[in-house]
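Engineer: Make one complex out of these two single chains by using the hints.
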Amino acid sequence: MSRPVQYNAKLKTVEPPEGMMGDGFMATSLEKVVGLARQNSIWPLPFATSCCGIEFMATAASHYDIARFGAERMSFSPRQCDLLMVMGTISKKMGPVLRQVYLQMAEPRWVLSVGACACSGGIFDTYSVLQGIDQIIPVDVYVPGCPPRPEAIIDGFMKIQELVGEESLRRRNGEKYKELMGAYGIQ
Amino acid sequence: MSLTYETIQKKLTEKFGDALTNWQQPYGMLTFTGPKDLNLKVLQFLYDDPELKFQFLTDLQAVHYPGQKNEELAVVYHLHNLVDNVRIRFKVFTDINKPDVYSATALYRSANFMERETYDFFGVNFIGHPNLIRILNVDEMDYFPMRKEFPLEDQTRVDKDDEMFGRGGTMGFGTEKEEDGPTLTEDHKHNEGSKIL
Numbered sequence: 001m002s003r004p005v006q007y008n009a010k011l012k013t014v015e016p017p018e019g020m021m022g023d024g025f026m027a028t029s030l031e032k033v034v035g036l037a038r039q040n041s042i043w044p045l046p047f048a049t050s051c052c053g054i055e056f057m058a059t060a061a062s063h064y065d066i067a068r069f070g071a072e073r074m075s076f077s078p079r080q081c082d083l084l085m086v087m088g089t090i091s092k093k094m095g096p097v098l099r100q101v102y103l104q105m106a107e108p109r110w111v112l113s114v115g116a117c118a119c120s121g122g123i124f125d126t127y128s129v130l131q132g133i134d135q136i137i138p139v140d141v142y143v144p145g146c147p148p149r150p151e152a153i154i155d156g157f158m159k160i161q162e163l164v165g166e167e168s169l170r171r172r173n174g175e176k177y178k179e180l181m182g183a184y185g186i187q
Numbered sequence: 001m002s003l004t005y006e007t008i009q010k011k012l013t014e015k016f017g018d019a020l021t022n023w024q025q026p027y028g029m030l031t032f033t034g035p036k037d038l039n040l041k042v043l044q045f046l047y048d049d050p051e052l053k054f055q056f057l058t059d060l061q062a063v064h065y066p067g068q069k070n071e072e073l074a075v076v077y078h079l080h081n082l083v084d085n086v087r088i089r090f091k092v093f094t095d096i097n098k099p100d101v102y103s104a105t106a107l108y109r110s111a112n113f114m115e116r117e118t119y120d121f122f123g124v125n126f127i128g129h130p131n132l133i134r135i136l137n138v139d140e141m142d143y144f145p146m147r148k149e150f151p152l153e154d155q156t157r158v159d160k161d162d163e164m165f166g167r168g169g170t171m172g173f174g175t176e177k178e179e180d181g182p183t184l185t186e187d188h189k190h191n192e193g194s195k196i197l
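Order-wise, the sequence lines are chains A and B.
Under the working numbering, the first residue of the first sequence carries the number 1, and numbering increases by one thereafter.
Under the working numbering, the first residue of the second sequence carries the number 1, and numbering increases by one thereafter.
With the rest of the complex left out, here is chain B (with noise of 0.2 Å):
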């Protein structure tokens, strides 16, 4: 008998009851959340388990969502299962001030660079990982660039045009204001993000 979300779903609420919230499907694929202090017993369960056997781990990344305080921070997991083909998404919330998150490189090897990638980002600390230091930047960087807050562009250039850049210039994009609304330059400027969970 194949693997199906049900059966994954009764053997995880069975172990974790109700720590483990939020199941959906978004485009087929079974989601769900947890509490960032079961993380790893969390995957080691999806991972000892005979019948559940999730010993593939696919990506393992963060989201920002400035919107929702204390959790903003959102650290993915993508598990697969080799022998059913199956694949599930595991997320854990923490906060911005304070991103702890236990780190899977004890039982996954793969995670070592993805989480390095992470931290680079987002900043996300990683507790027990060997060697967290940033991988893809430049190792003076003292900011977190995919967070919402920071621009994306090269804050250094003093020639780049408004016209041809879609900002303001004689055609007035971003600035057309409707009804004491804000612009969609003022808009963008706050970040909310939208509200997840």
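The following block holds chain A by itself, in its conformation from the complex (with noise of 0.2 Å):
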């Protein structure tokens, strides 16, 4: 007779969208359900550049586990990964090697700029730091923070969930997202 389980009893699942249930089926629309799989499943690229990356790490590990929240398999590559979290300053150097690794990405893609440098180039205003990603690519959630706690971190990543379920699929087809990509120059 095997034991019941004692602790962690109280688990949270994600709730179903609203629609139809019947006998074996369930009807609501797509949006919804490929939203709460989309959201629910996310596979970061982390391009972890300096401190933030250690908080990244932290965040990964066990204490504050990023895999509870779909995270599971980190992708280093870009085709194959849908959020591109990028953490640490970068360089002026750096900066088309970031664009390289974001135009590689496949839609549907989200970037989230973890930490001050990321963000805006920190307390690094100089000649050689990039200040803000946001110059060379568009970015979704922006983390600030030198660096930001792991729960800050979490926070963000709730934030790129929330973006990620309640996204049109018809939206990376659009006018306004041409215009944006076109913004920074990307086809």
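Please note that a few of the clues may not be correct.
Here are the simulated lysine to any residue pairs, SDA-like style, with alpha carbons at most 25 Å apart [as the list claims (entries may be wrong)]: (1) A:Lys92 with B:Leu136; (2) A:Lys92 with A:Phe124; (3) A:Lys93 with B:Phe113.
No wet-lab data here; the hints were simulated from the structure.
Structural biologist: Structure follows, in structure tokens:
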């Protein structure tokens, strides 16, 4: 006879989207289901450059587990990831490299800018540091901090999850998106 | 008998005479200055001499002294004798309008990258260097950042608050005048540097 579960009994599971349920079937809108699936299985690409990368390592470790939110498999190939997490100082020499990585990602793709240096150059306002990655790629969520605590990184990740869950399936083909990409010089 | 600073100085002055000047020992490290045409000869002598044997180039850097006309850029070599554990410093001054210095790459392989870095940041042109291009900065950069006339901060920012960065603002940092002298901010604009020779 197996022992019943004593600890961790209050688990939070994801709510199913509203729809019509019947005997063996459920009818909802496709966007909701796709959004639900996408938001809970985001595969991030950790673009860890400096100190924020260490905080990310802490976030990915067992204490502040980011795998709980679906980021179990960190892909290091941009072709296979959903979320580009830029963590750390990006110098002007690294800028084109980061842009290349972003361009190699497949739609739908999101960008999370972690830490003061990635958001705006941080304390390094010098000739060699890029003053914010949003000068070269579009960013969805900014996480401030120097470095942000793992809880803050998880908070940013949860905001990305919200964005992913609410995104319309037609957004990536629309005019506004094309304009946004055009502003960065991306086809 | 271990190698002393007197021995080193004596041997160098025997060989090069008055060409080497300004013998000092700041913080206990023997320092001397030489003319830039002789820099390779001095380095070669220090390398080959069986008693001196300075066969390790610890560092190669430059310093910009805007105040000294015709000798603004100093190229500094730090040499180390690994056998007797003795370190010396050798300085060579050059004009900023014609910053040509002979490259030490043939003698020390480590000078290759260090001279590229010195070129990248100060603009010192090393004659005879196999591949003198920028190493740490962006390739398209057209100025030399560590020269004193260039500001540290990225000039494209428009949102920096003077108050928070110690320039003026409500507390007036750097704007106090004392008896018709320049204010701190105005003084820093000239950047005369200090005379070191």
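Engineer: Which numbered hints does this structure break?
Structural biologist: Violated hints: none at all, because every hint is consistent with the structure.
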